[in-house]
Amino acid sequence: MSRIATLEKLVPQPDAPPPILRIESAGKSFPGSGRQATEALRDVSLSVAPGEFVSLIGPSGCGKTTLLNITAGLIRPDVGQVLFDGAPITGPNRKVGYLTQDDALLPWRSVLANVALPLEIKGVARAERLERARDILQRVGLAGFEKHQPSQLSGGMRKRVSLARTLVYNPAFLLLDEPFGALDAQTRVVMQRELRQVVSAFGLTVMLVTHDLNEAIALSDRILLFSRRPARLIEAVSVPQAGRSDVTDRTRADDALYRRLWDRLAGEIDAGTAP
Amino acid sequence: MIARYPWLERFLVLAVQLALIGTFLAIWEYAAGRFVDPTMVSRPSKIWDQASRWLVRGILEKAAGETLWIVLLGMLGGAGAGVVVGLACATWRWLDRLVEPLVTMLFALPKVALIPLFILWFGVGDTEKTTLTVTVVFFFFFYAARNGLRSLPQPLDDMMLLIGASWSQRLRLLYLPASVGWLLSGLRMALPYAFVTVVSAEVVSARGGLGVLAKNNAAAMNAAGVFAAIASLTLLGAATSGLAAWLVGRSRWTLANR
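In order, the protein sequence lines correspond to chains A and B.
Mapping the first sequence onto the numbering used here, position 269 (from 1) lands on 269, and the numbers just tick up by one.
Quick note, the numbering used here runs 1000 ahead of the 1-based positions in the second sequence.
None of these hints come from the bench; they were simulated from the model.
Check each hint, because a few of them may be wrong.
EDC-like, lysine to aspartate or glutamate: derived pairs with alpha carbons at most 20 Å apart [what the hints assert, rightly or not]:
#	chain 1	residue 1	chain 2	residue 2
1	A	K122	B	D1158
2	A	K95	B	D1157
3	A	K95	A	D85
4	A	K95	B	D1158
5	A	K147	A	D135
6	A	K122	B	E1061
7	B	K1046	B	E1061
Nothing here was measured: the structure is a model prediction, and the numbers come from that model.
Next up, chain A with everything else stripped away, as it sits in the complex (with noise of 0.2 Å):
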């Protein structure tokens, strides 16, 4: 009865468009050390449309992770079924871009080469390929970096590269976990600014996970929150402010918004670590 509600508060208004990812009843275990599974999720449904950006708040380790793992098609649900585009995920999901805290870049390639990879293994002719990731450097303000090898930029350098290479083959739906936990504060909000810009110039859907509740504040049209693990959707709220026009822009019922979402989180981190 409680799940029928959830997902009639989640499934999308009739009039919009329908959903670009849809997730149901999913659950998933990892082996863990001995006999005992650790489950990392129970029971999550959700869907997103096309255009929206969504943040996913928790506990740490809860297994927020694991659920952008099963929409990239990286790893399985146990149970449950998860539809992209209409068609359930069967394998590494294309359509999507990933981008982890880890920039994963090939130390041994030049900034360029790099950000050219994912044209290369597509077979992309050379100078097409070399040209586009050009442009596409471009655009996230690393111009004149072409030639550098990533040992010799900085964090929020390198991030960019990362999100150049996501970008230079037109994901429609972007993967972010934490991708901005490893910058320094400032940087971060440079490359949260830089992030909405791009999101909005390439009219990209986004999933975020992050732990930073201003974070998610500042750049979501809605934040779903999950229990500690197994993690379960306990709720999904709109931000009122969606579509500010700067991320530094804040107003009261922000602030609000963020109690309300520390109060829950709050309650969820105490459990989790009471003994």
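Use these hints to put chain B onto chain A, whose structure you have.
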């Protein structure tokens, strides 16, 4: 004081090392015939004489060439087989569970014990020596390739999968370049053992090579000849190992140094 001038420190270390070697050779030269029987230990000047006579007649070059040739063949064969099996084991977990314990078991076997068997199978000759060397070199490259690939950061492999890379594309664009550092250190470790193996096989039974030169001269009670062969082996081993170390140092293809 010295620590402030690294080149001076390096120069001093080298000078002391050379002085130590020179002192050792001088004592040897002086003691031979006075305190020690020269038919057993010869003396540096006689060894030098012997080596230069062999060099003029081309005997040393030919023997060194024969030894080096088998080392090269054995390294190539062992590296090829080791890399293929190592990469396969790192890729397929079930294969690894099957093969790795067997490889580790065989690694402990002293390969020199196989010499009689290989002589039985192939007769005395290049095939026997090369096969033996391959069985030694294989293990170094097996572990280098397998552990190199297994220590590859998972996000890199996930990234390649997500951008749609096939297995052969991942091999060419990720696994092999990422393994170069490991393979070079495998090369550096395998090389001295390849020399040990080839010379052991030569000493047991062979027609040519530095090991044969040492053995035959020992049989003829020519200590100078034995030492000349040993000195040549030492120089050859040091030179090839130095080359391998230089290659490793030059390599920027390692994931560790990013």
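Now the hints, each set against the structure:
As the CA atoms of K122 of chain A and D1158 of chain B are separated by approximately 16 Å, the hinted pair is consistent with the 20 Å bound. For the given pair, K95 of chain A sits about 17 Å from D1157 of chain B by alpha-carbon distance, which is consistent with the 20 Å threshold. Taken as a hint, the K95 of chain A and D85 of chain A pair is honoured in the structure, with Cα atoms around 9 Å apart against an allowance of 20 Å. A distance of roughly 14 Å separates the Cα atoms of K95 of chain A and D1158 of chain B; the hinted pair therefore holds under the 20 Å criterion.
Straight-line distance between C-alpha atoms of K147 of chain A and D135 of chain A comes to about 14 Å, which keeps the hinted pair within the 20 Å bound. Between K122 of chain A and E1061 of chain B the CA atoms are separated by roughly 52 Å; this puts the pair beyond 20 Å, and the hint is violated. Taking the CA atoms of K1046 of chain B and E1061 of chain B, the gap is about 19 Å. The hint holds against a cut of 20 Å.
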